Amino acid sequence: MASYTLGELAELVGGQVEGDETLRIEGVATLAGASEREIAFLANPHYQDQLRQTRAAAVILRESDLALSPTASLVTSDPYLAYARIAALFAPSPEGRAGIHPTAWVSEESSVHESAWIGPNCSVEAGVTIGPNCRIGPGCFVGEGSVIGADSRLVANVSVCHGVRIGRRAVIHPGVVIGGDGFGFAPHREGWQKVPQLGGVVIGDDVEIGANTTIDRGALEDTVIEDGVKLDNQIQIAHNVHIGAHTVIAGCAGISGSTHIGRRCAIAGGVGIAGHLNIADNVTITAMSLVIKSIDKPGVYSSGIPVSENYRWNRNLVHLRHLEKMAGRLKTVERRLDSRPHKQED
Amino acid sequence: MASYTLGELAELVGGQVEGDETLRIEGVATLAGASEREIAFLANPHYQDQLRQTRAAAVILRESDLALSPTASLVTSDPYLAYARIAALFAPSPEGRAGIHPTAWVSEESSVHESAWIGPNCSVEAGVTIGPNCRIGPGCFVGEGSVIGADSRLVANVSVCHGVRIGRRAVIHPGVVIGGDGFGFAPHREGWQKVPQLGGVVIGDDVEIGANTTIDRGALEDTVIEDGVKLDNQIQIAHNVHIGAHTVIAGCAGISGSTHIGRRCAIAGGVGIAGHLNIADNVTITAMSLVIKSIDKPGVYSSGIPVSENYRWNRNLVHLRHLEKMAGRLKTVERRLDSRPHKQED
Amino acid sequence: MASYTLGELAELVGGQVEGDETLRIEGVATLAGASEREIAFLANPHYQDQLRQTRAAAVILRESDLALSPTASLVTSDPYLAYARIAALFAPSPEGRAGIHPTAWVSEESSVHESAWIGPNCSVEAGVTIGPNCRIGPGCFVGEGSVIGADSRLVANVSVCHGVRIGRRAVIHPGVVIGGDGFGFAPHREGWQKVPQLGGVVIGDDVEIGANTTIDRGALEDTVIEDGVKLDNQIQIAHNVHIGAHTVIAGCAGISGSTHIGRRCAIAGGVGIAGHLNIADNVTITAMSLVIKSIDKPGVYSSGIPVSENYRWNRNLVHLRHLEKMAGRLKTVERRLDSRPHKQED
Numbered sequence: 009m010a011s012y013t014l015g016e017l018a019e020l021v022g023g024q025v026e027g028d029e030t031l032r033i034e035g036v037a038t039l040a041g042a043s044e045r046e047i048a049f050l051a052n053p054h055y056q057d058q059l060r061q062t063r064a065a066a067v068i069l070r071e072s073d074l075a076l077s078p079t080a081s082l083v084t085s086d087p088y089l090a091y092a093r094i095a096a097l098f099a100p101s102p103e104g105r106a107g108i109h110p111t112a113w114v115s116e117e118s119s120v121h122e123s124a125w126i127g128p129n130c131s132v133e134a135g136v137t138i139g140p141n142c143r144i145g146p147g148c149f150v151g152e153g154s155v156i157g158a159d160s161r162l163v164a165n166v167s168v169c170h171g172v173r174i175g176r177r178a179v180i181h182p183g184v185v186i187g188g189d190g191f192g193f194a195p196h197r198e199g200w201q202k203v204p205q206l207g208g209v210v211i212g213d214d215v216e217i218g219a220n221t222t223i224d225r226g227a228l229e230d231t232v233i234e235d236g237v238k239l240d241n242q243i244q245i246a247h248n249v250h251i252g253a254h255t256v257i258a259g260c261a262g263i264s265g266s267t268h269i270g271r272r273c274a275i276a277g278g279v280g281i282a283g284h285l286n287i288a289d290n291v292t293i294t295a296m297s298l299v300i301k302s303i304d305k306p307g308v309y310s311s312g313i314p315v316s317e318n319y320r321w322n323r324n325l326v327h328l329r330h331l332e333k334m335a336g337r338l339k340t341v342e343r344r345l346d347s348r349p350h351k352q353e354d
Numbered sequence: 009m010a011s012y013t014l015g016e017l018a019e020l021v022g023g024q025v026e027g028d029e030t031l032r033i034e035g036v037a038t039l040a041g042a043s044e045r046e047i048a049f050l051a052n053p054h055y056q057d058q059l060r061q062t063r064a065a066a067v068i069l070r071e072s073d074l075a076l077s078p079t080a081s082l083v084t085s086d087p088y089l090a091y092a093r094i095a096a097l098f099a100p101s102p103e104g105r106a107g108i109h110p111t112a113w114v115s116e117e118s119s120v121h122e123s124a125w126i127g128p129n130c131s132v133e134a135g136v137t138i139g140p141n142c143r144i145g146p147g148c149f150v151g152e153g154s155v156i157g158a159d160s161r162l163v164a165n166v167s168v169c170h171g172v173r174i175g176r177r178a179v180i181h182p183g184v185v186i187g188g189d190g191f192g193f194a195p196h197r198e199g200w201q202k203v204p205q206l207g208g209v210v211i212g213d214d215v216e217i218g219a220n221t222t223i224d225r226g227a228l229e230d231t232v233i234e235d236g237v238k239l240d241n242q243i244q245i246a247h248n249v250h251i252g253a254h255t256v257i258a259g260c261a262g263i264s265g266s267t268h269i270g271r272r273c274a275i276a277g278g279v280g281i282a283g284h285l286n287i288a289d290n291v292t293i294t295a296m297s298l299v300i301k302s303i304d305k306p307g308v309y310s311s312g313i314p315v316s317e318n319y320r321w322n323r324n325l326v327h328l329r330h331l332e333k334m335a336g337r338l339k340t341v342e343r344r345l346d347s348r349p350h351k352q353e354d
Numbered sequence: 009m010a011s012y013t014l015g016e017l018a019e020l021v022g023g024q025v026e027g028d029e030t031l032r033i034e035g036v037a038t039l040a041g042a043s044e045r046e047i048a049f050l051a052n053p054h055y056q057d058q059l060r061q062t063r064a065a066a067v068i069l070r071e072s073d074l075a076l077s078p079t080a081s082l083v084t085s086d087p088y089l090a091y092a093r094i095a096a097l098f099a100p101s102p103e104g105r106a107g108i109h110p111t112a113w114v115s116e117e118s119s120v121h122e123s124a125w126i127g128p129n130c131s132v133e134a135g136v137t138i139g140p141n142c143r144i145g146p147g148c149f150v151g152e153g154s155v156i157g158a159d160s161r162l163v164a165n166v167s168v169c170h171g172v173r174i175g176r177r178a179v180i181h182p183g184v185v186i187g188g189d190g191f192g193f194a195p196h197r198e199g200w201q202k203v204p205q206l207g208g209v210v211i212g213d214d215v216e217i218g219a220n221t222t223i224d225r226g227a228l229e230d231t232v233i234e235d236g237v238k239l240d241n242q243i244q245i246a247h248n249v250h251i252g253a254h255t256v257i258a259g260c261a262g263i264s265g266s267t268h269i270g271r272r273c274a275i276a277g278g279v280g281i282a283g284h285l286n287i288a289d290n291v292t293i294t295a296m297s298l299v300i301k302s303i304d305k306p307g308v309y310s311s312g313i314p315v316s317e318n319y320r321w322n323r324n325l326v327h328l329r330h331l332e333k334m335a336g337r338l339k340t341v342e343r344r345l346d347s348r349p350h351k352q353e354d
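One line per chain: the protein sequences are A, B and C, in this order.
The numbering used here applies: residue 9 is where the first sequence begins, and numbers increase by one.
The numbering used here applies: residue 9 is where the second sequence begins, and numbers increase by one.
The numbering used here applies: residue 9 is where the third sequence begins, and numbers increase by one.
One chain only, chain A, in its complex shape (with noise of 0.2 Å):
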């Protein structure tokens, strides 16, 4: 199991360490559940109670949290950062496995590099380019003539359709699914005629893919992820989606065909956007709100409401669908107000 001293970690996050730079510490975990062996944090005020009882090797906080701690610290302007430094040295690194699994497909037209490993029960097709390092886990389907950067990893069963760019370093875990047609139809007599995705999907450097999201190829030109962006669980990207770098979307979030995110964004959980938008950078938008209009500010932009009492609710909703009828009232009585003391003078 590896080990770190305290010093080595201080070094490795820029910090400063309180008491003994000598401890050895074996791996990280919560104040209430660290050993005397492992490394806690401390990045919400909130838990300083937990600090106070901590029996954890060392804590990571900050300069002014210093004085309640009980045990040896690291200290550093941005605990939760340090903190994540510190657990990726203690991750389970990913095996060191290379080569293509007996029980792959693996087209002969394709270009797999010599230190990337290709799971069990994978298929790959022709035309297809993996990249160094990258580890395709087990199920995975990489279609015709799709690429896939340097040190990427596709868990298991993820699907990435044919003509889909991947970047380097991305993580995409179960069950996602890259470049499965957009939802393109032409209204026809009755019934609708299919029109052809001819566009991809390309995907940054240092992307992450939450399980089961969704994104679309483009009609005619490419879906776009930009580097950096990190998307949650179940959260669908539909055709000719643009999304600026380094924005984060929740889980659950849909985001409706030619759609241009900015940079640095944050969608929450169950979000909607319709089609055809743009939303400026530094845009944040809270939990199940509906966006129907382009954005051009940054800001914070709400729709969603929170839950009361139902019988509460229910009687809050009856006057909600007759708010226009309300606002009449309302002007009405306006009316009669100013009115009264002219009829008066008469």
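Please note that a few of the clues may not be correct.
As the list makes no split between identical chains, a pair holds if one copy fits it or if it spans any two.
No farther apart than 25 Å at their CA atoms in a straight line, the calculated lysine to any residue pairs in the SDA-like style are these [stated by the list, open to error]: (1) Lys-202 with Ser-266; (2) Lys-305 with Ser-85; (3) Lys-202 with Ala-40; (4) Lys-305 with Ser-266; (5) Lys-333 with Arg-177.
By construction, these hints were calculated from the structure, which means they are not laboratory data.
This structure is a prediction, so every number in the text was calculated from the model and none was measured.
Following the hints, complete the assembly by docking chains B and C onto the known chain A.
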């Protein structure tokens, strides 16, 4: 084909027969669709008309509906529950298959019970334990060190990542992903630093999980699903969520990280629950509601808004988006009314 | 590479050529992106500026836009439909593959047409029938007794459970699950008794199903999707739902059990429809709306709320949650106004 006498069925469910106990029943069906060899049930009074006209061999019903029955009856206080148990007798029984399919890949360092079945094109990693009578259907992936309890069934194309523990008698439908990484990133200058997701997922006994539902692994500690929980399709359960025993959640709901849901709750379709909340036992949340604060009392909670005709809704919306102003105008009107008499007295 | 003369394309779609009928067209593209060998289209007047500047060899357009065209034109009353048909000529044609891939497992008791293709790592159970020219892509599962009609395509990693019937010319994208158990449980003291799901799923001809959409099997009778229905990604269709012909449903919508949706409806993204309802033909429901009562008239229905700036929204929310009180205060004001004149007359 299995068949049972009406008397045998009554005994199984603890009910009474009105009519011929020796009637042979060969299947279950709806009141409207049943043949003379099938048993139907009446649980919802709405269908009393169908009872009068049924051709079923027998009907499971409450004593209060007995007079309406044109045929033999199985009288019980809970017809739906009795139906569920009887229908189970006629459900296609799990094939008696056991062993490892030749197209599956199973690590030599795993332990698969001799009564378990590993279907075609499955992948089972090192350190996995598959219990007695498990049926792991085609295309499933079970990651390193995971444990699947006795009598559990993974239907097909299920992904169970590393370090997941599943109890006994689980039913897990296709496309489910258990143990994908939680959505954890620390902000870092322009971009995001991945926070390693080092916890696992622990699932109790008698849990059912619907198609394409996703359950993330914990960040440091485990995500927990207690005994008897029933999850519908396309639900998203984030890292470190804890769901109490016998809670049911309907399709497309999303539960954010570290939220703790009590026992015997009922969460309807499309509900979103924010992170780090506590939801008490016996809470019901109606469809498409949003929860952003903890709920500490049992009861029914709502924020969903049912549709109106679009032109009506739009007219109400205009006023909803200026509700604060409207409230201000109402207050002004009240003040004017209050102050009027005094003015007139001048 | 396929190429056609402009005259041939006009004949295919029943349009007229303005310009050189012998022009060779080698592909389709957007107005902005087209080269001199490609044909573009103008359906939305919004893009008239792009028409003026296009470098396309030819443009498909309405007669009313002809004067703006800087190049050869194909005039038709429905440019988008004409484009869809022409684009189909240039779409990558299904590979001419047939036969069963050596890594697939196909039960000897199934019937696979000799012109069909079963891709790598597929699993096909006993009693299955796969029709002529079907292409079952990598990693798909087809369960016992299911039937897939001629010319259908399962792209990859699709799960079709037992007893499902799919019509002709289906296009089913990766991660789709058809025939998972419906969500049926009878309450039982503390816990839940599973209600066996004994029905199947019946899908008509010309149905397209987007990535990771789920369609549950019926409880006793079948879940039914009629001809020409188009389903986007991540839609949840519960047990015993019936969807009428040529209805389209956008991403992330959820339809609860036993609801019957009419023909030629349009259900937008994120819509939730409760169970046991009837939705008439030709109903449109806008994004993120909730339907809890049957709709018996064609028309457009809504309950989605578009975002405002967060601070504004929160101020309005306060009043929304006290709307009943506000209505009461308005009524009081009206009464005071009504009663005032009488008092003054005293």
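Outcome of the hint check:
1. Lys-202 with Ser-266: within (18 Å within a copy, 29 Å between copies)
2. Lys-305 with Ser-85: neither (30 Å within a copy, 39 Å between copies)
3. Lys-202 with Ala-40: between (56 Å within a copy, 22 Å between copies)
4. Lys-305 with Ser-266: within (19 Å within a copy, 32 Å between copies)
5. Lys-333 with Arg-177: neither (57 Å within a copy, 51 Å between copies)
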